[in-house]
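Q: Here are the chains, one letter per residue:
Protein chains: 2
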Amino acid sequence: MNMDGDYAEQLLVDFAERTKVQLVGDSQIPLYHQLARVLQKFIQNDFLQAGDRFPSEEAVGACFNVSRPTVNKAIQELLADGWLNRVRGRGTFINKDPHVQLSLLNDKLSLVEQFPRHKFKYRLIHKRIEAPIPRINQILGLEPDEPLLYLRRLRLMDEQPLLVCDSILPAERFPGLGEHPFVNGSLYATLDQEYGCPVLRSERSVEASEVVECEVATLLNVPLLSPILLLTGIAFAEGDEPVEYIKSYLREGVSLKSTVQRKPT
Amino acid sequence: MNMDGDYAEQLLVDFAERTKVQLVGDSQIPLYHQLARVLQKFIQNDFLQAGDRFPSEEAVGACFNVSRPTVNKAIQELLADGWLNRVRGRGTFINKDPHVQLSLLNDKLSLVEQFPRHKFKYRLIHKRIEAPIPRINQILGLEPDEPLLYLRRLRLMDEQPLLVCDSILPAERFPGLGEHPFVNGSLYATLDQEYGCPVLRSERSVEASEVVECEVATLLNVPLLSPILLLTGIAFAEGDEPVEYIKSYLREGVSLKSTVQRKPT
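Quick note, the sequences are listed as chains A and B, same order. Under our numbering, think of the first position of the first sequence as 785, with each following residue one higher. Under our numbering, think of the first position of the second sequence as 785, with each following residue one higher.
You may find that some hints are simply not true.
Just so you know, same-sequence chains aren't split out, so a pair can sit in one copy or run between any two.
As the list claims (entries may be wrong) - DSSO-like cross-link-like pairs, simulated, lysine-lysine; straight-line CA separation at most 30 Å:
1) K905 - K804
2) K1041 - K905
3) K825 - K911
4) K911 - K804
5) K825 - K1031
6) K857 - K1031
7) K905 - K857
8) K911 - K857
9) K857 - K1041
10) K1031 - K804
11) K903 - K825
12) K1031 - K911
13) K903 - K1041
14) K857 - K903
Calculated from the structure, these hints are not laboratory results.
Same shape as in the complex, but just chain A (with noise of 0.2 Å):
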């Protein structure tokens, strides 16, 4: 931990430099927004770490040549947001707790494990039949007039929104599921453990996206239109059955860690 404010500030102003930030004062987006952001981004990267004294406002005025009060809303913004918190007569420290790395593996005893002293829970938000859409069944190897079982879950780590995971799964492969609660909580342990079917293999892909259903801002309690890491997939039981599409929204914050070995040449 580095509690000198004046590291900090030379990290800032570096940061500055060496990323050639700029606001954009006839932007549609409130300075004082755009600020918040920038901040935010110098709070993520690997330069800082949690309990590391925040810059002054007058330093952080200086380096972005704002006004105080634009840059005050700004820290309102990152106090607000969990990224920054204030001690009363100390001053102004970085607040990494909000930043979870969640394994690609997304299996719960990982993360449980990884995060012994949190407590997760899914909770259901919607489970219910669906008429057959042609692309979804084609993916999960079904007939056209297939019916579907689409279940959204919100998961939460100490109360608090990771991420959105919609599945869809064939209706008529898992009667009954979603009625009662899953087993330790899982899908998967649910689907093995009720339905002999357990989940071997799962293709996902990641990629940049926003916010656009009024539903996902409202359950991961950001605006509309902010940046989420978007997931999709799908899982496979045994003999390749494709048996879940899977559609998981996480909002800025949440990280998906991934090892990679190279194979020997």
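Fit chain B to the supplied structure of chain A, relying on the hints for placement.
A: Relative to chain A, chain B alone:
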């Protein structure tokens, strides 16, 4: 391919109903731009494929309760960004080509193998020796006073920008790196063949972010504060020696794919 406009219109109505998208009239973001972002998500979802006919302007207007000029401006934006293409006398069609899926393995070969008819290349944007950065020196296992080599590259597919990749390496470990073209255009091939230092493992994490740096926006040809996928990571050589700190910015429409195999329990 589905050439029937009614089909796409029904899908759009379903999409709007399912996702309960709402355009915000009094937002600081213009209505046509909000609509363009929503329609882009509709194009990107898995219900449609390249070559399918896009719904008529009337149908889009009725679906989202907006005027024809607003719809037209949104569609112009999508045409300009390459999400749609218009064939004179025939109509407007889905164009999913801007969507590129990269392997998380990020080795040049796999990308070339995956898209054999496309041309990939890197452009070196910056190469400079930088003063130590405490956190990065620590990550790379360097003494506090050791200088760093900073490389910024732009990766292009058929001359279209895909991602900006920042690499920070120990400057003294790789003298002269970046002064000559990379072996086969690959940094890792160069580390391997010219410095006897093959990269064997890489830890990566991805998260949602926004473009705050002007140069990154310019290189990727996207507006400031556009959503991007931020990939950060560390590459390791033999003996778990950390040799590269990585930060990549992937524009919307570029996704990272991975397959997860569950260990038998």
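Q: Decide, hint by hint, whether the structure agrees.
A: Cross-check of the supplied hints:
1. K905 - K804: between (41 Å within a copy, 25 Å between copies)
2. K1041 - K905: Answer is both: 20 Å inside a copy and 26 Å across each meet the 30 Å cutoff.
3. K825 - K911: between (37 Å within a copy, 23 Å between copies)
4. K911 - K804: between (47 Å within a copy, 16 Å between copies)
5. K825 - K1031: both (26 Å within a copy, 12 Å between copies)
6. K857 - K1031: between (35 Å within a copy, 29 Å between copies)
7. K905 - K857: Intra 33 Å, inter 43 Å, cutoff 30 Å: neither.
8. K911 - K857: This pair counts as neither: shortest intra-copy Cα distance 41 Å, inter-copy 37 Å.
9. K857 - K1041: neither (33 Å within a copy, 39 Å between copies)
10. K1031 - K804: between (35 Å within a copy, 16 Å between copies)
11. K903 - K825: within (27 Å within a copy, 32 Å between copies)
12. K1031 - K911: within (15 Å within a copy, 39 Å between copies)
13. K903 - K1041: both (20 Å within a copy, 29 Å between copies)
14. K857 - K903: neither (32 Å within a copy, 46 Å between copies)
The structure fails to meet hints 7, 8, 9, 14 from the earlier list, while all remaining hints are met.
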